[in-house]
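Visitor: Hints in hand, dock the two standalone chains.
Line by line, the protein sequences give chains A and B.
Position 130, counted from 1, in the first sequence is what the numbering used here calls 130; the numbers after and before it change by one each time, with no gaps.
Convert by adding 1000 to the 1-based position in the second sequence; the result is the number in the numbering used here.
Source of the hints: derived by calculation from the structure; they are not laboratory data.
Ideal Cβ placement from N, Cα and C applies to all residues, glycine included.
Not one of these hints is a red herring.
What the simulated footprint calls covered on chain B by chain A, stretch by stretch (three residues with Cβ under 8 Å from a Cβ of chain A suffice, anywhere in the stretch; the number is not a length):
#1 1582-1590
#2 1633-1643
#3 1647-1654
Residues per chain, in single letters:
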Amino acid sequence: MQEMMKKKAIELLGSGAVARVLGWKKGEFDYDITPAVFESIEEIENEFIYNSLCSPNLSKYLVKESRKEGKTLIFLKPCDSYSLSQLITEHRVVRENVYAIGIECYGKTDADTIKEKGIKGITKITENDGVLNIETLYGNEKVPVYEVLRERCVNCKSKKHPVYDELIGEEGQAVDDCERFSEVDRIERMTPEERFAFFRGELSRCIRCNACRNVCPACTCEKCVFDNDASGIAQKAASDSFEENMFHIIRAFHVAGRCTDCGECSRVCPQNIPLHLLNRKFIKDINELYGNYQPGENIGNRSPLTDYTQNDAEPNIVYKRGGKDNA
Amino acid sequence: MQRIGVFVCHCGTNIAATVDVKAVAEALKYEPGVVVSTEYQYMCSEAGQELIKNAIKENALTGVVVCSCSPRMHEATFRKTVAAAGLNPYMLEIANIREQVSWIHKNIEEATEKAIILGRAAIAKVHLNAPLTAGESPVVKRALVIGGGIAGIQTALDIAEAGFEVDIVEKNPTIGGKMTQLDKTFPTLDCAACILTPKMVDCAQNDKIKIYSYSEVSEVKGFVGNFDVTIKRKARYVDENKCTGCGLCTEKCPQKKVPNEFNLGLDNRRAIYIPFAQAVPKIATIDADYCTMLKSGKCGVCSKVCTAGAIDYKQEDSFVNEKYGAIVVATGFNPIKLDKYDEFAYSQSADVITSLELERLMNAAGPNGGTLLRPSDKKHPHRIAFIQCVGSRCDDGKGKSYCSKICCMYTAKHAMLIREKYPDTEVYVFYIDVRTPGKNFDEFYRRAVEEYGVNYIKGMVGKVLPEPDGTLTVRASDLLNGTQLNLSCDLVVLAAAIEPDKSARPLATMLTASMDTNDFFTEAHPKLRPVESPTAGIFLSGACQGPKDIPETVSQASACAAKVIGLLAKNTLKGNPCVAHSDELLCNGCSSCEKVCPYGAISYSDKEFRINGKMVTRRVASVNPAVCQGCGACTVACPSGAMDLNGFSNSQIMAEVDAICKW
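For reference, chain B alone in the conformation it holds in the complex (with noise of 0.2 Å):
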């Protein structure tokens, strides 16, 4: 018989507003095995600690259970202590009565009830629990960041900096991501490639750097410190190792009309080509499926014109295998598709755009080198209407919940821009609320209003309505004064929200790291562990957890980094004891349980057993404990029950399923 001690935490008023915790731990006294059972304020305060470490001592327990918060967020403080007096770290079980139950119920007798019958099934399993040793594992000293936009490079070039590899997968033929395409960055008005290339430059130069470009992450296996991650690089149809980044082809290529993705098919580019002048590798990428030679066989001309005979059509995506300690997501963003907002007249009228377009419509190496110009008939617009939040904060289904985040400060500077090099265009700025906090963020913004009279009205947009004389009539309502506006506009610019990218998704299934219903990465803690997934080895850069502007990617971008460091400083890693065994008598070797073990820790061999007297030889499953990462998907896949997992083992949870069906 266990000698438990059960120790309920207030949590301050977190659990104790709710749960009547004197109650809990008077009711938890009478449990079996049960010796002391007590309350106090903060469990994980020295104090508190203490009162756990005495107790122990005190009434020479085998057995702890803290009634407190999730074991996400205190298990490792409360192993430590328990083990700082003498006991195994793993005789220790955590009822959650914070995040499962105070803070999800209102009623304090309903709480109550809930908060002990936790406990009691806490208590249930301590009875059945071992003392588990974990092991070590080597960490791999090299990380992969995945995503090459700015979040990527900032990540890759600070973890090169601390002297470890690091390579980066970029799924575009370049690495820069979306900043690429932006023109001037707030509140700074510097330009974007300014600072931006030679930030790709150095990635580029860096020894420690390692760049695949055109290449997708295709399988991930492992765990923390030991990643083992296969590479798609796709087919580019050039040997990466001879193209000079001539542009040669991209001028004599006769396929002309391909939609020019960076100019966001404002323009048109070649089937073979270069994404921007400052591409980073600067490397020929062939567009398969605009490529006649690919197609029919009958062209050959970049071929013929490549004077370092880089072109290979026979070329075929090829896979790579390495191994990392560490992976970073930095998959970014997208703005939305617009196919839903019809009411703005997006897909009916060519001067209907987003603000990524007319980054790339202002950009001096954009389709009309810098000058802006309607895309209808390439003439001066006189009067533009920005509309905000198309997409964003929005209850109807149609568009994101969330608030965009980037589109104030964006709008405020494409609109002082605007006023600035075209004095005689009017600007209008429709908004809900303009949202400017930042470092010199609403200074900006005044400036815009005060300095460069942009006119911002208080009030949605109803419609745009395209008219026969080729202007755009927007008719919205002006909130403040009251009216209603109809406005003859020459182009009209939509804040289109911005969402995850949608490569996130199957990658964040791959990684096994936890998305939002908005498909953001899930950090570890959202105040304190922003930086990290609840994923062991996996971190978050950039866009890829929420929406975040310039100066704030970069910063996370770093903090990333210095988490990544923080691991893969270290030489090993201290394993979890808690891993999958077979029961070998048990066991019909039907690999059931392989096919469902996400790490490949389990093997087969041919045992020979005595059965009944007479030698029989039978297939059987072993876990490698060291590969072993304690999911449990054997155990239930396993129809005989052989596999069970050390800490969660199948009676240790009917025992907790009993104790709460006993109630």
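Bound conformation, chain A alone (with noise of 0.2 Å):
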């Protein structure tokens, strides 16, 4: 896959049809695979990595790139064609300056999962026909990638890609006994006194790192109401831990109808906070209240929270589910 990857980026970044890809290449460790832009095809035949440790989502960088002269070649996973496609339908992406190339997925790993499973002092990770040979402090352990995969694609809702130019592979469907809600689930069955502890709880490690904010792809405003001071939410020594957890309330409010749900949120938090929980809640209600909605799902799509319609939940729904009667 990677070589049909790097042979296409050399062809179309050699003949000149794009003046930049966007990719992946390896960070501060091996493992620690890392966003890149290669702008020449000595930096592809280098640098240009794809395995399963390439998880992040490549398609917010086009905000930026899609603005400069000449096309970007942009490689997108599944996950990442929503979210590119949920950009286009929010005009944050110039479409025509972008190529995209659509490749199958299935499923990512990273180091904190591999970790996960008991396996200490990493060094090096590299990846054999789906599995993966993980050198230690301690010697060689060999593991099948799907044995690791992130909870994101443990529960992958989709194969397909909403937006291409052309597809390295097979075109995947939607996951249709996808189970991502389950976890959801089980925080609504809580009482609202247990759901409030567990989520304070799980903020409470919050660093305030921005690390989410900066890598959602819903997250693409001229300038975040946390870094405007006129906002009056802005980016300050917080009064009380309680207005720290508002972070995150705020910030599902505004990707709310807009999250793909790609989960890069919660892959990037450093503290390992399950923010994506918040994000799919609101999905998840849309989907009851409003029919299944999927952003992303088709370019030009209206979110049923900005979209109006006479079969709409009437504002009284709110009376009906949550509320003090349902405790």
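Guide: Structure below.
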């Protein structure tokens, strides 16, 4: 796969059809994959990587890159393709300046997930035919990728590419029996007190590094409200820990109806806060109240939250769901 | 720093009885920026307004807070007051301490505390107020009336009489509404058709009135003075311009088994039909659900017999766009469905009927040619029971909590007409109360009892039992005599409650006009603005606003027309300066605001900006202030906070919230 992608990238860059290529390369460590912009054939030949560790969603980089002169080639996993489609819908990416190649994906992993399996002292990870060869300070281990998939990949919602110019590999389908809402279900069944305690506990670890916001493909505002002194909620010393938690609640509201559930927020969180649960609760509610809606599924889709139909839930649904009666 | 004056109104005892107004004025005196704080018995009175004007001049005030009734009531009044004293009218804020405080609280301490908090919020907001100037927008001199019953007809005729163009949209093939189905009308017993059909004809012949029959409003955009309405003209498969209404097709159509809705299903009509002989417009309509030609392509009889060549099986729904200055809602009512009232055997026995069905049975143009015969065996009923309040004044959740208002009178009418025409028929009326206020109404009811010998029995019917011999046993209690009755009857008539037409709820949403819990349209003020909706430019006519009889409907319809004429007579309307604007430096161009804007006021353009020394082209939103109505939907949809609303800015709202939370 990696070689096919490299070949394609070199071909397009070499012919001048694209001015740059968005892909992945190794970061500080071999296994620490990072997004990268390649502008020369040499860079691609030497650094371009594609394997099961290529988790990062590249679509957000197009907000800037697609405004530059010349076309940008981007490689899109299905997840990233949903994000791009949503960004095009929101006019954040200039579609004409993008050449998108969809690539099939069977799930991604990363060092954090591997460490959760009790594998410590990792020095190098290589992949061969779906099996990871993990070199550690204590010896080598072989682990099949499917055993260490991230949660979002275990509960993969779709293997389809809503937007692309070309595909490498087969076009997949949306996954019908995806169980991504089971954790939300569990939290919904908690009492309000338990639920409050759960999120207070999770969010208490937040160090306000802003990684979740910076990686989120739905967070592309020219000026984020948290960076805008006039907004009244700008980044500042919070008066108490609850105000600190509000950051995540406000963010969840801002991306509601636009979040494609790519799961990047939870992936990049250095404190392992399951931030995607807040977004999934919104997605689940939207599905239940307005019928199934997947942001990014089609370019030009109208989110139920910014659209009106006569079948929309009446506002009093608030009393019927949630509320004290339901506790 | 603003120099703010606070004026607390007693509203007689409306506020002062529950709120310690002196304490409110005293507490607010020490708020930042407040230079004068006082109270007065009636702030809206001449003397009260003088007090405000003088205070503005004496203290060189820059902002004013009036703690009084709802801004809906007197904001306009006080804006004029401060403007007269030289302030910009938008430097005024109202703290609603009547509807939101004194009327809903009992405890004086709590109410006073809340009034002070609301006052503080208003003061916090005034600090951020800026002078605003309203623009003007032209008025389209044409009105739309939705619903062509007697209410819509009367309103349309009156508006046309004043010289303005008016369109009626009627969902049925003919105008006329419920009144066309009635036999006689109380209290004078003149025939409904005789007084209604001339008005229908007047509508058709008036060159200012255009009738869109068999049509529905499908979309409403715009605002008062400038509504943009899409009307869906449902396919009737007959060319309206060619059909002469000769009715030959309706005689020759081989599909004879279509329930006739005009006679409430008591007889059948053809698949191509004209609802009744005096229909306006008198044009045939094909019922697509029953027409063999439309369903299977095999028939075409109507097309063969039509000498005008008016039949068009390929006709499709079409859409008409029209601009209006005012919209009148006249969607009327329907009797409720009686499926929850099994105790009265409505669905078990053909001889248990509703009052509207009785109207058809007694009508000369009805299924029996005006002779009263029971539906089951076409025999004369000799004992008839009328049951009142079926679904009205119910607190059991099955029916409506309100009184349907018209049933007592029409039942007295029915009873009287039956006793007059068939003196050998006994008539019983079971009632909770008899309610007959109105000119000559009580006399009418007394006549039914005293001259026509109708038996009025106070008490509700528990059950109606269909017997094997075809009679109906009515089991009831006679409350005045304290006895149980088992009355053997031949016909039972149910006075079914009336409810707003089902089309009203989606229409209200389209018009952003508010409704009450029963889906009746809400008026701007229940006493003082009864024919206007709280939404500017939307007016209410007839039973869509509440149960009404014909005289009341016609009065309201004319009142409604007067209000519409008042609006259409103006050339321009003063706009609302509280409109949205976007901060182009913050705008992402994401189109969220455009999607939620109900008025189509937002557009986008690519603009160049210098950012960090580089020229960058960005897609940004701009608001057309002439179209924006200041609803604020865009400001909350905007993820980056680029959209803001004059007079209700994000910072003003937050200042109010902060002021409330600090307490």
